[in-house]
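A.B. asks: Those sequence lines, one after another, are chains A and B. For the first sequence, numbering that gives the first Met the number 0 begins at 0 and goes up steadily by one. For the second sequence, numbering that gives the first Met the number 0 begins at 0 and goes up steadily by one.
One or more hints might be untrue.
Listed next, with one range per pair, are the computed distances between beta-carbon atoms [said to hold, decoys possible]: (1) A:PHE66 to B:ILE48: 30 to 36 Å; (2) A:PHE459 to B:ASP387: 47 to 53 Å; (3) A:PHE77 to B:HIS152: 49 to 55 Å; (4) B:THR4 to A:PHE66: 40 to 46 Å; (5) B:PRO233 to A:ASP512: 55 to 61 Å.
By construction, these hints were calculated from the structure, which means they are not laboratory data. Quick caveat, the model's predicted, so the values are computed rather than measured. Cβ atoms here follow ideal geometry from the backbone N, Cα and C, with glycine treated the same way.
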Amino acid sequence: MHNILLATILLPAVGALLAWLAASGGLKAVRLTALITAGVTLALAAHLVVQYWLDQGLRGNYAVQEFRWLGESAKIHFAFGLDGLSVWMFGLSALLTFTAVLVSWDAVKDRPGGFYALLLLLECGMIGVFSARDIILFYIFFEFTLIPLYFLIGIWGHEERRYAANKFFLFTFTGSVIALLGLIGIVLWVYNATGELTFSIPQLHQLLGTHPIPMDAAHGHLQLLIFLALVSGFAVKVPLVPLHTWLPLAHTQAPTGGSIDLAGILLKLGTYGILRFCLPMLPDATAMCMPWILWLAVIGIIYGALVSLVQVDLKKLVAYSSVSHMGFVILGFFALNQLSLQGGILQMINHGFSSAGLFAVVGMIYERYHTRQISELGGLAKRTPILATFMLIFTMSSIGLPGLNGFVGEFMILLGMFQRAWSDAPGPLGPQLIVIAVLSVSGVVLGAWYMLLMVKRVFFGPLKEGHISPAHAGQIHDLQFNEILALTPLVIFIFWIGLYPKLFLKPIAPAADEILARTTQPLENYYAGKPQIAVREIATPMVNPPELQTSIARKP
Amino acid sequence: MTNSTTITLLLPEIILIGAATLLCLWGAFRPLRAAAIVLALAALVSAAIVMWVQDDNLNLFSAAAPTASATGPLVVDLFGHLAGWGILAVGLVLVLMMARPQQDGQLAEQLASLLFMLAGLMIVATANELILLFVGLELVSIPTYVMLYVGRHDSRGQEAASKYFFLSILSSAVLLYGFSFLYGAAGSTRLDKIAVAVSLGGLGASAISFGSVLVPIAILLMFAGLAFRLTVVPFHFYAADVYQGTSNANAGLLSTIPKIAGLAAISRILLASLPGWETLGWKVVLVVSVLTMTLGNILALWQNNLRRLLAYSSIAHAGYLLIGLAVALAVRTTQVGTAAGGFLSNSAALNGLGAAIFYLAVYMFATLGAFAALIYLSHGDRQVDTLDDIGGLNRTHPVVALIIAVFMFSLAGIPPLAGFWGKFSLLYGALTLDEFSAQGDIWLRPWFVGLAVVAVLNAAIAAAYYLRVIGAMYFRSPEKQSSSAIRGLGPALAMAICVALTLGIGFLPGRFIDGAVRAAQSIGQPAAQQAVVHPMPIGPSSALPIIANSHPR
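Chain B on its own, in the form it takes in the complex (with noise of 0.2 Å):
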């Protein structure tokens, strides 16, 4: 890969960070909001269309997709690729959050922020190398905490900033620790040379080597740093207290652009790059769900904030998401589930990574369009902060209501919402992996049928503290006239984007599900297996079509 294809690869990026260095400089002179809010979105929009051009270039949408090539500091797939334009809607989801009217200054600045935080998290998708994945995800974090804090100037606010700070630095540095320990085993930071050099010497040897010591230490440093970003427990307490002290634009961008990130990579690294680890891994990782989820649901019940309680909705939904990863590690020990394929095609399992991220888009949307819903309602200096707050909502917002009861129904996972997709997707993926290891591996059935219970009970847990949201809004009277203040374009306009984005994968969830399955499969399996032929723990070498699998019992 020469430098010149890698800059026009980096297009998207280098646009949205030249747009955010622009409106740094110009944030000094106080432009006006309107033109810095124009500027941002048609960052966003050449970003989008130099995309565009490269999806016809590089024409990876077709069946005939050309195996990745990951031979430079860049990888070029589907999943880099959906990754962006999943990165950049939510980008202009937020762009739109944070663009109304009558609010203290300093936009320019935020929206710099953003647009850095949006070409880090590209960068990460798309990253082939440790230390431009660092870069990326440090990108994100350094606006985050700029955006933190600029935002307000109240104690909370400092204490949220100063509080996430401290924790997203230190997770920083145990991330970087995970790496060294990582370059010092495979003596590389490329991805795929490491993926190589893994399974000749790592943990796919059987006699203790430098590596076998050096790699699980890594990876246990490593799962943590990005544990942090995806607020799974024990790495989730600062997301309440964040949250609830930030503003509601803050909450909705934590809420998402820190997931994305630690997604990203743990599909970049844990998943496609290091071979072996799977064996003790999926134990882990569902072990820490089962936690999460149940964490994360049962603190929820209790809170008032709104806020907060969609902070630790948020937890929940990080657990949900580790079901997927659990699956993704899972199956690569049954060996079924590597045939291609779309969704719920006759002949492949759905991929448990493609299940969340289908999962992690479903959830996005609502949640952003919650807090959109929050912005919209707030005026002046007064937040909405508590239930009391859109008690009776329906009454003084009808519409606004409708699209909140529509997150929350969808955040809950009721048909016919997008969000009973994603949990079905998770849960299909889940008993996939139950039926089709019984024939091998009994073993792995009370695991996967135990973690599938745990998760519609937990569903059932959630759907008590959204409904007390809903139950806030239809089945109270409003306790005090909200005053019409101006409400601004913007957040409406997200409200809506976020809306129809929730109800139409409800109805039609088929392209989305399969674009998600088939990103996932472009990176679902350590590229070392495919070139090196590497001794599974069960079964044969090479990856059968399932139906080989399954004989009649």
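Next up, chain A with everything else stripped away, as it sits in the complex (with noise of 0.2 Å):
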């Protein structure tokens, strides 16, 4: 179990050296090479998933391996292991590198062996920060997550390519040296508090359960300053708004596979950061920080969906709407509502699902009639019907349909967070709360909006083929195996968490319940000593509020 999980870390890696060396064995060698490994990865990564799933009693303590790394007196750990918050993520990003693997399959033909190596590396670095119990480790597979993209993007990617991966690189690199300053501040503070220097995630986790950070102005508001550091740096990941400005454009120069990866499983870096480090570790400063963070990712769901309303490019409307759908994560683990947060991290995986497959979907327009202009093509259902029922699903799965999976994930976060302000209102918080929730549903009819709009203009209608030559347009193929079974497993969980979400939730729980044990209490103390403005009076009213929240969430 154990070496299993170091394998699935190394794996990728020894695959990307393969399939570096293989790139003079020509095209074939090098994609098999890259799917042998891709799949071998997955099929490891499910075993332990799967084998999680079945012993809950393990917990926190899946699956975990230490080594002693730089000398016997240092106490950075080479320490994997898995948990409740990264189990599911760990086994997305196998499943969705497979996906990439497979969906490049035809369209990478430069330089082959450059692109699956650092495609497999990418791999590496995603399933490493899973999978990191080391505070150190965890930073280093996050930031090298940074290399291989780079260059996905700035080699393989389209026309503003160099911009675009410059952007990306030096936007995220960044947030995230500022968030290293953030981690050693914790591991200070439990050095110095305690007395004993780790940085064992699991331990520090603990450890600040007793000594937690102080927050007052004696020590110089140091919680808050900790919590600042590594939001900033976890947030431009996410990305939230106004920090999100590389997104868009690294999404729309990115190569598919890329675009895949980033979607699926990059920006839930972030999300997975502030999960592991900032709620349950720093709970004072989330509690204080609450209703900004809210109402920056209820900004941010709101415009991302109304620019993505505005979209000509396909990829950069979903991209937008990656701005709008990591938006409401960020709202329902701000909420702090047991419903909401567990929603939050279920709508990672969805998100995960949908936007990696909606990616997908674009590449392979773009391969068959080389544009991504929403209004050069039209009526594509009648040319490629299967190509157009994916798109369909994934459609859905995003924008929410009950029975799939957006939909569960959406509701609970908006149930989670309309809990938190009519009944469960901190304080003064109240009315802000409530605007809050309310605008948040919108985010959810406007994403209805621009992707059925998207879809009925490029899928239905008459038949429009961008550039392509009558003659040409009739050798346009439909799906191919490689492309089905790629975008196939996709569905599968789409209906699977929509329709027994669960299965799914049953890991997730606990490990939400321990965060959520660490932010109640700071939350009422922090402002139970604020003036309560008349929030009951207004929240009166409004009787029964699970009948007025079902029906507000319904809408879509």
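With the hints as a guide, bring the two chains together.
C.D. replies: Right under this line is the structure:
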């Protein structure tokens, strides 16, 4: 068990080397090497995830593997393990890399050795982040993911790839070096307070429970400083408005395989960081900043949706929709409510499936028609019915159609948010939170609007096929076997999570409860002393909140 | 310490100087290039063997290392010894960088100059005497002038050589002037005696004495003189022009050897021998550090000439080094961080100087490797000069491009490469100070948190120009087919050594950081504080373990 986890992390790196070496053997050898590596990694990861699910008793201490790494005296360990927060993302990383390899099958013919090597290195980084149990090891993997993606965008991307790659790198690098200060700050505080120098995440988590980082002015607002450092780092990755400007560019310019990993996993590195460090380790600062971050999240939801509405470029539309959907995830986290937090964690996974699927399909359209302009396409459902079917499923998942996964996540988030706003508002925050909750619902409505509008224009109506001459248009083929194979697992999970979410929530729930156990008290304490504005008077007339919430949330 | 033991201790230096003299003489008869290179390498290897034997005899690496014996002109401690190993490694890389075929003559003289410099550096790192230290520094400087002059005959090369020459002798003069004040105040040229004298009658005394006026002047002058060698703002401005005007090999030399000399001399004189100046000193160093890294990084953003870009990058990295120095000084005002122990072990805060030493090593091998790659790519009369010259390198030389990318990412501080651990240990040091000073001296916090924030923002700025280099190699198409000239085994080997170290330190940094920290601890504290009870501004006078200092808030 322990060694399987280690193998899952190292195998992609080995495979990357092999793929690079196989470059002399031609395209086929490289593709096959990459596919086998990604496939075996996926099988190992799936095995671990299933075992984790079956063996709930282990909970946080699953498949733990620790090595002394930096010599005898050093406390930084090469430590891996899975827990409820990371187990699904861990599996998703392996799955989406497999998808990315299959999707790139025919699309990448230029220097394939490098491409697949980088894709596998990226997988190594992503899996590493989700399984690291050491704070520095986490950071190393977190930042390492920049390198492969930088090259993937810069070499195999579209027209503006150089600018996009640089912007992506510099934005996220700036964020993550600031986050590094925060991570070191946590370690040093624990050392200072307890005399124990440790970089182990579970141990830090435990010690911070008994020795919380002080918030008062006498200590220079230490916890707030650390919180701001971490959030500014992770928020760039998520991305939270106004730090999102790198994302549409990077997404649009990246090759399809890169976009899939970027949207499906890399954005979640930010939310995962917040989930892992900010909420449980810095609960007081979380409580204090809660309304601010909720505002940013809801601004992101609406802004992302509105910008999506006016996009003429398919890929950019999907990219901006990511801004909107990741806003929901953050909203779910910072509502600090049981339902919303579980929903937020689930939504991370949901968005992984739907956005990866959308980017994959958009990439397939681009490969066939060499255009991403919505105005140049139309009626594709006639030409490529299977592709259109997949697109429709991913779209419905993205806008939260009941029965599909997006609905479960968004519904839980909104329900939790409304609970927090109406019946459980801390101190004077009530009116604000109600406004936030109501505004966030509009994101769902707008989301349905722009996605359906896009699907209508591109797939229905009169046939428009870009600049392809009618003679060539006849040769445009529908999805091939490898493309169907790539997309099918995503569709299976979209339905599975949508129809039976309990299965997926089972590992998430205890992890989420553990976080909430940390944040509940600080939230009450922080807002207890504040003057109570007449929240209740506003809130009480609106009786029967559950019904109200349901009706609003079901609008799509 | 008797004369014979001194000679035994100096044996590596003697070997190097002997070989250098031989090369100089031999150079007049135009020897085979290969023979000159072999002689230089042989000198390095035999110096290394002697040092290895000394390691066994002196037992410096063991946990129970004898305390530094500083009674003669030489100090025997781990710092001097590890510096010696580092210097030999740098020397090896530099010899290999020069060893490329079809370079115009006078290789023997160049190698001789290099060996002189290495010997000078080793003397600086072990000197316990102002005059010996100065001789060591000049033994580094004077051959540098020769190197800069001999290599090139165009007007730019001449300009670079004369610019460096005039500014360098000015800085030497300033340094010597500072030494004279120090001698005046302390009455001795021996560093251990100076330390005792200064702590008794110098800055430590409350009454305004002769020494309390002279010593600050001396410190200021010495810092200025050494800052020139570290290319610290405002003594940096020669670097860009000189690097650009000279050859790639010389630029590699200038970006490493003067910095070793500067850091070693600062450690020996300013850190180890002058108790008391830290109360003011850390602020000066901190401000200079911020200025240096910011200016260096911002100016580097617009450079198209690679050597100029790396010159500004080396200025910026000097600023990072000073973070460690500021931490080392400020730690002394707070009575923490003095306890023994390795890197990140339970019992010790990270030593600022140790981080600086480690950082210097990491920086040096990445920079040298980059210059070695440029030498490898240059051919005939044509040197690789600008970003355009390496455009599309990924297509023409994929392995070299990959190696340069590794160096650039390491310089930018991206894990899992060595540069990340360099930045990490400096930041860790700065923040440690913040944490531990928080009990008694909350006033330290804004300074060092601010410093750490400036440092990471600078790391982000720096990433921008390192990415320009990488982008040029990977995202452009090659403009012209480079001819398949003879590349040379030497530069290739130099690159290989540097890339192996950059990756090796990146994946297994523990030993290296431990070594640097222990080396720093072997000199980190003024010797006088061990002998003389010297009241510190804050806290108890004895060095307490850190745990005793931390109480729950």
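A.B. asks: Work down the list of hints and note, for each, if the structure agrees.
C.D. replies: Status of the hints after comparison with the structure:
Between A:PHE66 and B:ILE48 the Cβ separation comes to about 35 Å, which falls inside the hinted range of 30 to 36 Å. For A:PHE459 paired with B:ASP387, a C-beta distance near 50 Å keeps the hint of 47 to 53 Å intact. Distance hint check for A:PHE77 and B:HIS152: the Cβ-Cβ separation is about 54 Å, which falls inside the suggested range of 49 to 55 Å. Restraint check, B:THR4 to A:PHE66: a C-beta distance of roughly 44 Å satisfies the suggested window 40 to 46 Å.
One distance hint, 55 to 61 Å for the beta-carbon pair B:PRO233 and A:ASP512, holds here, with the actual separation near 58 Å.
Checked against the numbered hints above, the structure breaks none of them.
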